[in-house]
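Enquirer: All chains, full assembly: derive it from the sequences and hints.
Spelled out, the chains give:
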Amino acid sequence: MSRHVTRRVVLAAALALAVLAALVPVGRWERGRHVREELRGLRELQALVGPLGSPSLSAYRVGVGFGFDCLLYRREGNRFALELCFDRQGRLIEAIDRRRRGDPRIASLREEPSASTIRVDRALVDRLLRRLGAPAP
Amino acid sequence: MREQLSARAERILPGLLGFTVFAFACGSSVVDLFELVGRPLRWASLVALAAASVALAVGARPPTRRLRLAAIGAASLVCLAAVSAAWSVDPRVSSGRAGSLGVLLLAAAALAAGAAGRPELIRRLLTAILAAAVVVAAAGLVVLALVHGSAVQAASDQYGARYRGMGQNPNTVAALFCVALPLAAWQVWERRTRWARLAALAAFALLEGSIVASGSRGALLSGAVALVVFGSLAARSARTRGTLLAGVAALTVVSVGLAQIPNAEQSGRTAPPPQTRNAERILPLDREIGRGDPSAPAPGIKRRLLGGSGRAVAWRGALDRAAERPLAGYGFGTEEQVFVDRYYYFAAGAPENSYLGVLLQLGVAGLACLVALALGLLAAGVAAARGLAGAPRRAAAAAAAALAGGLALALTQSYLVSVGNVATASVWISGFLALAGRAGRTA
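Quick mapping for you: the protein sequence lines, in order, are chains A and B. Under our numbering, the residue at position 98 of the first sequence is numbered 98, and the numbers go up by one with no gaps. Under our numbering, the residue at position 66 of the second sequence is numbered 66, and the numbers go up by one with no gaps.
Just so you know, the hints here were simulated from the structure itself, not pulled from any lab data. Certain hints may be false.
What the hints assert, rightly or not - Chain A residues, not near chain B, derived (Cβ > 10 Å throughout):
1) Glu-44
2) Gly-65
3) Glu-76
4) Gly-90
5) Asp-97
6) Arg-99
7) Asp-121
Stated by the list, open to error - According to the in silico footprint, chain A covers these stretches of chain B (three or more CB under 8 Å from chain A):
8) 82–95
9) 279–292
10) 316–326
11) 334–340
Each residue gets a CB set at the ideal place from its N, CA and C atoms; glycine is no exception.
Expert: Given below as structure tokens:
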């Protein structure tokens, strides 16, 4: 390989390494921003639901996705209008707003549940699931 | 010493390559025994293949400029995949998957470097891929004869009954057959004795027939794309080319006609009792979007040749997810964790589009790397085939066509960078072998 070609290869490799190095902070920044946005959506929907044991609690899911359990709340005749899903540690990892039929608004960290900083009392979730007649997990 | 090692590698490589392709098919098999043996064996054979390929390349002449560029493109993709562990939603998965992609692309590039300018070795390597695909297809028939229920996926309210042979689902092995189809067509062309040509024809019919029976529309159309590329490149006269392309068109029309896509079973499901509090029984999370009124009976699903799979809606959903982390994505190998199937008319754990899958995993940066590598490899393969004549030209055309079929299939299946998939190794190795027709400069 000539010296000219070798120099070009080294330059190209250096450029590629620089691009890769620059992508690390970009990727981490994107991740942080995404997690913050999803957490904001989760908090908004949690606030819309109010207390987990509110009288509007109407349905449940157990063991869906990667093994999380959900509580669903009624709004204006829609039994499934609001939904909150928790993992076994009590972290809120997914919330769905179905008040606009056919176009659900979803906030979710199901790909990375450990990123959720919103926790509830998991024992309370289990009690509410039992009250709704859900099978034991 | 180096020459001895290289000669030994040359002797074992065709068999090892065929075995590796077969092991990957076993690793994704519906037959428990095959899967049990194939899962560990496929990684061991891939590592052995890479080691033997490097041994072959060490004794070879310096690679051509095209091959060097392709290797740089492959290395960039692998490095990006590895670095993505720094921001991945699952760093362990990202590192592991990047490692396996690196081993595969190393094997492919080293094989091409070692086989450069050696038409007989290239012929044996491509024939090995074809032979493995034929063995997989024949094994499917054996499974059909012995355990009919395993070889045919039962009808559901999503799909009608479909043939899957020894694969986990009807699309699994059909992907491999689609990539092997131009290799079978090449063998039909090359064989000179009547019996050899008949055997090649039988192999071609077995592969095409298995694709038709699987009802895999992506594999059917991508196989046609691969054959068109092969015909266009292999034939030097316009007349031969026209005859070949007309033949491909006729074959595609007949195949589409035969592949009557069985309709899903009508679920006949009435609305579930309104008193149930289990929301999953009324509005399953994985079939919510597009379902319509949950209190009404579930709508029927009708699949057509182009459409009806629900992919368009799922792709929009995947694009929305990708837009949340657009530049660098969620991390290599996390496609199935990140993509959530919430779509009534769609049934898969991935968006079933390799390019969208890479966009999810590695963002725009990764998609740019993949497209540059794939199109660069294809363009270089086409140019390499055009620069050759006779049998080497046809072999390069078959290899480039296998890559073209694989890239077309990637539009409807998520597999191109998932090394564990049945077809992935065959696509990349064929693509790199397309560049090997010409020898590098002497050192």
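Enquirer: Each hint: holds or not?
Expert: We went through each hint and held it up to the structure:
Distance check for Glu-44 (chain A) against chain B: the nearest CB is about 17 Å away, which clears 10 Å, and the non-interface claim stands. Not every CB of chain B lies more than 10 Å from the CB of Gly-65 (chain A), the least distance being 7 Å, so the non-interface label is violated. The beta carbon of Glu-76 (chain A) is kept farther than 10 Å from every beta carbon of chain B, the shortest such distance being approximately 15 Å. Every C-beta of chain B lies more than 10 Å from that of Gly-90 (chain A), the closest at about 20 Å, which supports listing it as non-interface.
For Asp-97 (chain A), the shortest C-beta to C-beta distance to chain B comes to about 13 Å, beyond the 10 Å cut-off, and the non-interface label holds. At the 10 Å boundary, the C-beta of Arg-99 (chain A) stays outside the reach of chain B, the nearest C-beta of that chain being 14 Å off. Interface exclusion of Asp-121 (chain A) from chain B stands, the closest Cβ pair being 21 Å apart, more than 10 Å. Counting residues of the segment 82–95 of chain B whose CB lies closer than 8 Å to any CB of chain A gives 6, which reaches the minimum of 3, so the coverage claim holds.
Beta-carbon proximity to chain A at under 8 Å applies to 8 residues in the segment 279–292 of chain B; the threshold of 3 is reached and the given coverage holds. Coverage of a stretch by a chain is defined here by at least three residues with a beta carbon nearer than 8 Å to that chain's beta carbons; for the segment 316–326 of chain B and chain A the count is 3, and the condition holds. With a threshold of 8 Å between beta carbons, the proposed coverage of the segment 334–340 of chain B by chain A holds, since 4 of its residues qualify and at least three are required.
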